[in-house]
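Colleague: In case you want the letters, here they are:
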Amino acid sequence: MTAKIAYDDVEVGTELPAQTFSVDRATLVRYAGASGDFNPIHWNEKFAKEVGLPDVIAHGMFTMAEAIRVVTDWTGDPGAVVEYGVRFTKPVVVPNDDKGAVIEVSGKVAAKLDDNTVRVDLTATSEGEKVLGMSRAVVRLA
Amino acid sequence: MALDQSFVGRTYPPTEPYEVGREKIREFAEAVGEANPVYTDPEAAKAFGHPDVIAPPTFVFAITYRAAGEVVQDPQLGLDFSRVVHGSQKFAYTRPVRVGDRLSVTSTIEGIKSLAGNDVLDIRGEVHDEAGEHVVTAWTKLVARAAEEA
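So the sequence lines, in the order shown, correspond to chains A and B.
Count the first sequence with the working numbering and you get residues 4 to 145, in order.
Count the second sequence with the working numbering and you get residues 153 to 302, in order.
In case anyone wonders, no lab produced these hints; they're calculated from the structure.
Hints are not guaranteed to be accurate.
[To be verified] Computed cross-link-like contacts, BS3-like style, restricted to lysine-lysine with a CA-CA straight-line distance of at most 25 angstroms:
#, chain 1, residue 1, chain 2, residue 2
1, A, Lys93, B, Lys293
2, B, Lys242, A, Lys93
3, B, Lys242, A, Lys115
4, A, Lys133, B, Lys198
5, A, Lys49, A, Lys102
6, A, Lys7, B, Lys198
7, A, Lys93, B, Lys198
8, A, Lys49, A, Lys93
9, B, Lys242, A, Lys52
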């Protein structure tokens, strides 16, 4: 399981290529089916508003799945991820229009650890607000 | 309503094995917009030293959350599932999940707290393969929001 990025080539502060992910209602329906999470707050506007949400929101796990792509597209091998954790701080609100929502994710190396691993800290925002907190991955490099 | 603290440390029996299917991995990868061939092309997976295609890192949540559901809906625990939101999530991998795995989850309640009227439940799911080898551990924090004042 070798990654395409070498441990010796990165330092604390090295930035990973940032990415932008679009999400609309169709994305959420597809994710609901693939993940088995059919909670109506992710596809039914009436239900979402009844439970106090501003609108339909994306699955937190969808956002988590997108954010790690900044790491796995960097290393090449998703099997190099050793640890990955996030806090869900704000929901990603997905309006029923032709644009949907956008999640912007950036990451940088925060620490070099033992055994050719590094800790990457990720920042994920939507509409200028942080949607993930303490978003960190430990990944093994070549 | 405060949850029963005596549930802390309780471990539930391992779940029946979940078999990881090739087309399920493909469906999940497509749903999150993944184009990495390591999820769909065995040769691409082998180039990274995997025996066959692997699943995206968060794929296993579908399995551990189903197992956690048995905990959450334990009527003796008294959690109001209709008010539950996902607080945080963490995974620690021994190896990636791959096609053909038959995975079983053992869930343990690690913590029960009450914060500002919210019930906070920490569940750890240990995922093992058919040989009994550890694959991944998932930590899930669920928060049952306090009922709004009438």
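Colleague: With reference to the structure, classify each hint as holding or not holding.
Modeller: Going down the list of hints, with the structure as the test:
no.: 1; hint: A:Lys93 to B:Lys293; in the structure: holds, 15 angstroms
no.: 2; hint: B:Lys242 to A:Lys93; in the structure: holds, 17 angstroms
no.: 3; hint: B:Lys242 to A:Lys115; in the structure: holds, 20 angstroms
no.: 4; hint: A:Lys133 to B:Lys198; in the structure: violated, 37 angstroms
no.: 5; hint: A:Lys49 to A:Lys102; in the structure: holds, 20 angstroms
no.: 6; hint: A:Lys7 to B:Lys198; in the structure: holds, 14 angstroms
no.: 7; hint: A:Lys93 to B:Lys198; in the structure: violated, 38 angstroms
no.: 8; hint: A:Lys49 to A:Lys93; in the structure: holds, 20 angstroms
no.: 9; hint: B:Lys242 to A:Lys52; in the structure: violated, 29 angstroms
Checked against the numbered hints listed earlier, the structure breaks hints 4, 7 and 9; every other hint is satisfied.
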